[in-house]
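2 protein chains.
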Amino acid sequence: MKKQYVNLNPSQLLILIFTLCIISGTILLRLPIATTNSITWVDSFFTATSAMTVTGLIVVDTPVAFTVFGEVVIAILIQLGGLGIMSFAVMIYIMLGRRIGIKERLVIKQALNQTSIGGIIKLVRNLFFFSLTVELIAMLFLSIKWIPDLGWIKGLYYSFFHAISAFNNAGFSLWSDSLMGYVGDPITNIIISGLFIIGGIGFTVLSDLWHKKKFRKLSLHSKLMIVATFAINITAMFIIFVLEYNNYNTLGSLSTLSDKLWASYFQAVTPRTAGFNTLDIGSLEEPTLFFMLILMFIGAGSGSTGGGIKLTTFIIIVLAVLTFLKGKREITIAERTISQTYILRSLAIASMGMFFIFTAIFILSITEKAPFLNVLFEVISAFGTVGLSMGLTAELSIIGKIIITLIMFIGKLGPLTLAFSLASSKDKKIKYPQEEILTG
Amino acid sequence: MKKQYVNLNPSQLLILIFTLCIISGTILLRLPIATTNSITWVDSFFTATSAMTVTGLIVVDTPVAFTVFGEVVIAILIQLGGLGIMSFAVMIYIMLGRRIGIKERLVIKQALNQTSIGGIIKLVRNLFFFSLTVELIAMLFLSIKWIPDLGWIKGLYYSFFHAISAFNNAGFSLWSDSLMGYVGDPITNIIISGLFIIGGIGFTVLSDLWHKKKFRKLSLHSKLMIVATFAINITAMFIIFVLEYNNYNTLGSLSTLSDKLWASYFQAVTPRTAGFNTLDIGSLEEPTLFFMLILMFIGAGSGSTGGGIKLTTFIIIVLAVLTFLKGKREITIAERTISQTYILRSLAIASMGMFFIFTAIFILSITEKAPFLNVLFEVISAFGTVGLSMGLTAELSIIGKIIITLIMFIGKLGPLTLAFSLASSKDKKIKYPQEEILTG
Ligand SMILES: [K+]
Ligand SMILES: [K+]
Numbered sequence: 001m002k003k004q005y006v007n008l009n010p011s012q013l014l015i016l017i018f019t020l021c022i023i024s025g026t027i028l029l030r031l032p033i034a035t036t037n038s039i040t041w042v043d044s045f046f047t048a049t050s051a052m053t054v055t056g057l058i059v060v061d062t063p064v065a066f067t068v069f070g071e072v073v074i075a076i077l078i079q080l081g082g083l084g085i086m087s088f089a090v091m092i093y094i095m096l097g098r099r100i101g102i103k104e105r106l107v108i109k110q111a112l113n114q115t116s117i118g119g120i121i122k123l124v125r126n127l128f129f130f131s132l133t134v135e136l137i138a139m140l141f142l143s144i145k146w147i148p149d150l151g152w153i154k155g156l157y158y159s160f161f162h163a164i165s166a167f168n169n170a171g172f173s174l175w176s177d178s179l180m181g182y183v184g185d186p187i188t189n190i191i192i193s194g195l196f197i198i199g200g201i202g203f204t205v206l207s208d209l210w211h212k213k214k215f216r217k218l219s220l221h222s223k224l225m226i227v228a229t230f231a232i233n234i235t236a237m238f239i240i241f242v243l244e245y246n247n248y249n250t251l252g253s254l255s256t257l258s259d260k261l262w263a264s265y266f267q268a269v270t271p272r273t274a275g276f277n278t279l280d281i282g283s284l285e286e287p288t289l290f291f292m293l294i295l296m297f298i299g300a301g302s303g304s305t306g307g308g309i310k311l312t313t314f315i316i317i318v319l320a321v322l323t324f325l326k327g328k329r330e331i332t333i334a335e336r337t338i339s340q341t342y343i344l345r346s347l348a349i350a351s352m353g354m355f356f357i358f359t360a361i362f363i364l365s366i367t368e369k370a371p372f373l374n375v376l377f378e379v380i381s382a383f384g385t386v387g388l389s390m391g392l393t394a395e396l397s398i399i400g401k402i403i404i405t406l407i408m409f410i411g412k413l414g415p416l417t418l419a420f421s422l423a424s425s426k427d428k429k430i431k432y433p434q435e436e437i438l439t440g
Numbered sequence: 001m002k003k004q005y006v007n008l009n010p011s012q013l014l015i016l017i018f019t020l021c022i023i024s025g026t027i028l029l030r031l032p033i034a035t036t037n038s039i040t041w042v043d044s045f046f047t048a049t050s051a052m053t054v055t056g057l058i059v060v061d062t063p064v065a066f067t068v069f070g071e072v073v074i075a076i077l078i079q080l081g082g083l084g085i086m087s088f089a090v091m092i093y094i095m096l097g098r099r100i101g102i103k104e105r106l107v108i109k110q111a112l113n114q115t116s117i118g119g120i121i122k123l124v125r126n127l128f129f130f131s132l133t134v135e136l137i138a139m140l141f142l143s144i145k146w147i148p149d150l151g152w153i154k155g156l157y158y159s160f161f162h163a164i165s166a167f168n169n170a171g172f173s174l175w176s177d178s179l180m181g182y183v184g185d186p187i188t189n190i191i192i193s194g195l196f197i198i199g200g201i202g203f204t205v206l207s208d209l210w211h212k213k214k215f216r217k218l219s220l221h222s223k224l225m226i227v228a229t230f231a232i233n234i235t236a237m238f239i240i241f242v243l244e245y246n247n248y249n250t251l252g253s254l255s256t257l258s259d260k261l262w263a264s265y266f267q268a269v270t271p272r273t274a275g276f277n278t279l280d281i282g283s284l285e286e287p288t289l290f291f292m293l294i295l296m297f298i299g300a301g302s303g304s305t306g307g308g309i310k311l312t313t314f315i316i317i318v319l320a321v322l323t324f325l326k327g328k329r330e331i332t333i334a335e336r337t338i339s340q341t342y343i344l345r346s347l348a349i350a351s352m353g354m355f356f357i358f359t360a361i362f363i364l365s366i367t368e369k370a371p372f373l374n375v376l377f378e379v380i381s382a383f384g385t386v387g388l389s390m391g392l393t394a395e396l397s398i399i400g401k402i403i404i405t406l407i408m409f410i411g412k413l414g415p416l417t418l419a420f421s422l423a424s425s426k427d428k429k430i431k432y433p434q435e436e437i438l439t440g
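Chains as they are written, first to last, in UniProt numbering: chain A, 1 to 440; chain B, 1 to 440.
Be aware that one or more of the hints could be misleading.
Simulated pairs of lysine-lysine, DSSO-like, Cα-Cα distance not exceeding 30 Å [stated by the list, open to error]:
(1) A:Lys328 <-> B:Lys328
(2) A:Lys328 <-> B:Lys326
(3) A:Lys212 <-> A:Lys223
(4) A:Lys223 <-> A:Lys213
(5) A:Lys223 <-> A:Lys326
(6) A:Lys328 <-> A:Lys223
(7) B:Lys212 <-> B:Lys223
(8) B:Lys223 <-> B:Lys328
(9) B:Lys326 <-> B:Lys223
(10) A:Lys401 <-> A:Lys369
(11) A:Lys369 <-> B:Lys369
(12) A:Lys326 <-> B:Lys328
Here are the computed distance ranges between Cβ atoms for each label pair [to be verified]:
(13) A:Thr337 <-> B:Thr235: 38 to 48 Å
(14) A:Trp175 <-> B:Lys369: 30 to 40 Å
(15) A:Thr235 <-> B:Ile399: 20 to 30 Å
(16) A:Phe69 <-> B:Thr235: 47 to 57 Å
(17) A:Tyr248 <-> B:Ile399: 20 to 30 Å
(18) B:Ser38 <-> A:Thr337: 53 to 63 Å
(19) B:Gly391 <-> A:Thr235: 25 to 35 Å
(20) B:Ser38 <-> A:Trp175: 55 to 65 Å
(21) B:Val242 <-> A:Thr19: 45 to 55 Å
(22) A:Val42 <-> B:Ile15: 47 to 57 Å
What the hints contain is simulated information worked out from the structure, not anything from laboratory work.
All residues carry an ideal CB built from backbone N, CA and C; glycine is no exception.
Modelling step: build the complete structure from the supplied sequences, incorporating the hints.
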């Protein structure tokens with residue numbers, strides 16, 4: 001019997017799946033059964049894209065505008081989006097020949113016969129099982145806090161929705177003020193942030209940790225991700241704590257030091273790229289917002305449910321620059337050399353990201369009547385599929401909504417498909433003479 | 001007789017010269033004879049740095065605050081700064097072994113014996129002669145317009161000052177409203193923009209044109225510079241014309257189409273990196289300002305009096321990304337291959353630029369009470385040594401002034417010294433095994 005093969009390359013397949021899911025979502029969310037009051041096609045399209053790309057930007061207030069049916073549609077889109085991205089990213093990771101332990105490689109080689117449908121289905125099943133397990137455990141912990149607060153049914157339902165939303169870094173919430181009501185609550189803070197950090201660090205890192213146990217034995221990628229995630233989160237927490245301490249619209253209004261610390265921690269980890277908030281984003285100080293812009297652009301880990309250009313892309317660019325400044329030719333870290341191809345790819349991902357961001361800002365600065373920082377924040381939040389907003393989303397013009405929708409789509413699928421497009425050797429045979437060009 | 005050698009590498013020498021000139025300028029501009037009313041040390045330091053780095057940002061109004069003595073000090077600093085940068089840049093260009101015609105190479109080889117004092121002096125003399133010739137010719141043309149307007153003495157003096165300021169891309173003006181009074185005047189527009197375009201395209205391009213005459217025979221660097229300068233200026237003019245046409249604080253207030261076109265042309269070419277203005281910058285539309293931000297960051301040509309990361313740096317990054325997207329390994333253009341080292345260097349220049357810009361924005365967003373766009377515009381204008389401002393310069397806090405001063409200094413000398421630091425082969429002998437890192 002002949003095996004069936006999908007007649008598309010993986011990137012095209014991914015884009016097709018996302019487009020189909022978004023179209024279905026748009027139609028479902030437009031049904032009378034999904035909303036309390038009818039919403040426009042643009043708004044349901046925006047919401048479906050925001051959910052499927054696990055962004056979390058909202059043009060209508062989720063708990064107010066949608067019925068339970070609508071909310072479940074959103075949760076399903078989030079789960080499909082997060083799962084789709086993770087599956088594809090892990091697939092790339094494997095196809096690029098990354099070592100993740102011989103044992104696992106065998107399992108995956110069995111499970112993933114190139115792009116055969118059977119292989120993909122098995123991989124997705126494994127990831128689905130993993131996601132579901134983590135989400136269920138988190139749901140139980142959240143119930144401990146939320147069932148006493150909200151009653152059995154609502155408590156369980158909220159735990160279920162937020163576990164999915166957090167693990168997939170989606171940032172959708174059933175509270176109109178996101179998690180501001182739980183700013184100082186340890187369980188909410190730990191479980192929600194734990195979920196999106198696990199979801200955001202990347203499946204390969206988790207798998208590496210699971211198999212190797214010892215830090216020393218981890219792959220370079222895992223080591224970098226773990227160290228950098230720690231370093232960036234601690235720095236961000238410190239900066240937010242200091243800058244917002246006296247801001248009476250944010251930390252200043254919290255009575256205890258414990259609350260202030262929890263809030264600083266949460267807003268430090270959420271821009272890459274969870275999108276929940278326990279403080280009012282629009283009230284943050286300008287330097288805090290600017291710092292968040294950078295975090296949102298960098299984003300989470302490769303092979304994760306998070307967005308942005310990815311932490312490793314950022315690290316490779318920094319290393320490439322440092323290497324050049326030291327006058328060396330090859331990037332080395334932890335006794336490993338990083339290939340030139342990765343530098344070019346990282347440069348391409350960051351540059352393309354900036355290109356789309358700049359184009360979107362340019363258009364929105366024409367169509368929207370809003371301060372420049374709000375526009376900047378909105379666009380980068382969409383590109384990084386973060387979902388934080390200074391409040392512009394709800395006020396967007398129709399063109400603005402369409403542009404942001406496109407940026408969410410590009411932000412979610414662009415870096416991944418670029419990462420997939422390995423620089424294959426299509427070079428012409430004729431070698432041109434080298435010629436120097438002065439720079440700087 | 002033993003030749004005398006300077007015991008510093010060229011970059012260190014350049015930084016030393018700039019520092020000494022700025023200190024001298026600071027002291028001279030602080031003298032009672034230099035100002036109408038005494039200015040603070042910080043203000044004279046800022047002004048001296050702005051003049052020496054040919055930026056043109058001003059904390060005090062040049063014609064109001066300074067006497068003729070003060071203005072002449074500023075003009076001398078501008079000439080020294082422009083000359084210093086051009087000399088150094090051309091020197092690098094030669095040291096990197098760039099071909100600029102055998103004839104000229106021989107002349108330069110004679111004139112420039114590595115870093116011997118004699119060689120440098122000869123090179124500077126040649127450049128000085130060239131600058132002076134261009135400036136004198138321009139001064140005569142400007143006099144035709146300005147002597148009838150201002151009388152003999154003032155007319156000549158204004159022509160002299162603005163010819164120096166324009167050729168060196170300094171942007172200092174003796175009118176409080178820069179050149180807004182001559183918004184539609186063809187002579188002013190042509191001569192001033194002609195000066196800063198000639199000064200900004202780079203000495204090597206001019207020398208190439210002078211010797212080769214035919215476009216086809218020019219070096220790759222010259223071809224790129226000429227084509228890109230045309231393309232970017234025409235695009236910018238079109239964008240400004242369209243976006244500002246109905247803005248009654250800018251183009252909308254001009255009565256004739258001719259005036260509108262001149263103004264669009266002038267504001268299109270001035271952000272890279274002349275810094276004069278014939279329209280009120282603070283009144284421009286947001287998309288126009290955002291577009292200017294990008295132009296200011298890119299800047300002028302290598303080996304010129306202009307600033308920014310440089311047009312070729314930008315082009316190489318764009319080419320590198322396009323090459324990657326096409327799946328090719330080597331950047332080729334016009335049947336020439338561009339070496340990997342140049343890509344790394346361009347990446348380093350752009351990244352370091354962004355690093356300093358982001359740091360400065362972060363600090364200024366703490367110290368200054370101003371809209372974010374104004375801060376962004378001010379910092380990028382300082383980094384690109386452009387000198388355009390939405391009006392923040394005069395309102396800067398003392399810390400703000402010091403930060404902007406540092407950014408002007410870094411913006412002027414940073415890209416050049418980075419361009420100079422060729423990645424020399426200091427690689428360790430041990431070759432580490434390559435390992436892949438997932439990006440995107
Ligand atoms: K998100
Ligand atoms: K300037």
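* Asked: So does Thr235 (chain A) sit 20 to 30 Å from Ile399 (chain B), Cβ to Cβ?
  -> Given a distance of about 22 Å, which is inside 20 to 30 Å, the answer is holds.
* To do: Decide if the proposed pair is consistent with the structure: Lys328 (chain A) and Lys326 (chain B), CA atoms, cutoff 30 Å inclusive.
  => Roughly 28 Å between the alpha carbons, so the hint for Lys328 (chain A) and Lys326 (chain B) holds.
* Just tell me: holds or violated, for the beta carbon distance of Gly391 (chain B) and Thr235 (chain A) against 25 to 35 Å? => holds (33 Å)
* **Cβ separation of Phe69 (chain A) and Thr235 (chain B), checked against the hinted range 47 to 57 Å** => holds (50 Å)
* Cβ-Cβ distance between Val242 (chain B) and Thr19 (chain A): within 45 to 55 Å? -> Given range 45 to 55 Å: violated, Cβ gap about 33 Å.
* Assess, step by step, whether the Cα of Lys401 (chain A) is no farther than 30 Å from the Cα of Lys369 (chain A), and give holds or violated. => Distance of about 14 Å is within 30 Å: holds.
* To do: Verify the proposed pairing of Lys212 (chain A) with Lys223 (chain A), using a straight-line Cα cut of 30 Å.
  => Holds - the C-alpha atoms of Lys223 (chain A) and Lys212 (chain A) are around 12 Å apart, at most 30 Å.
* Straight-line Cα separation of Lys326 (chain A) and Lys328 (chain B) no greater than 30 Å? -> Satisfied, since the Cα-Cα distance of roughly 28 Å is no more than 30 Å.
* For Trp175 (chain A) and Lys369 (chain B), compare the CB-CB distance with the range 30 to 40 Å and indicate the outcome. => Holds, since Trp175 (chain A) and Lys369 (chain B) (Cβ atoms, about 33 Å apart) stay within the stated range.
* **Tyr248 (chain A) paired with Ile399 (chain B), Cβ distance criterion 20 to 30 Å** => Holds: the Cβ-Cβ distance is about 24 Å, inside 20 to 30 Å.
* Between Ser38 (chain B) and Thr337 (chain A), does the C-beta distance stay in 53 to 63 Å? -> holds (60 Å)
* Lys223 (chain A) and Lys326 (chain A): Cα distance at most 30 Å? -> holds (23 Å)
The structure fails to meet hint 21 from the earlier list, while all remaining hints are met.
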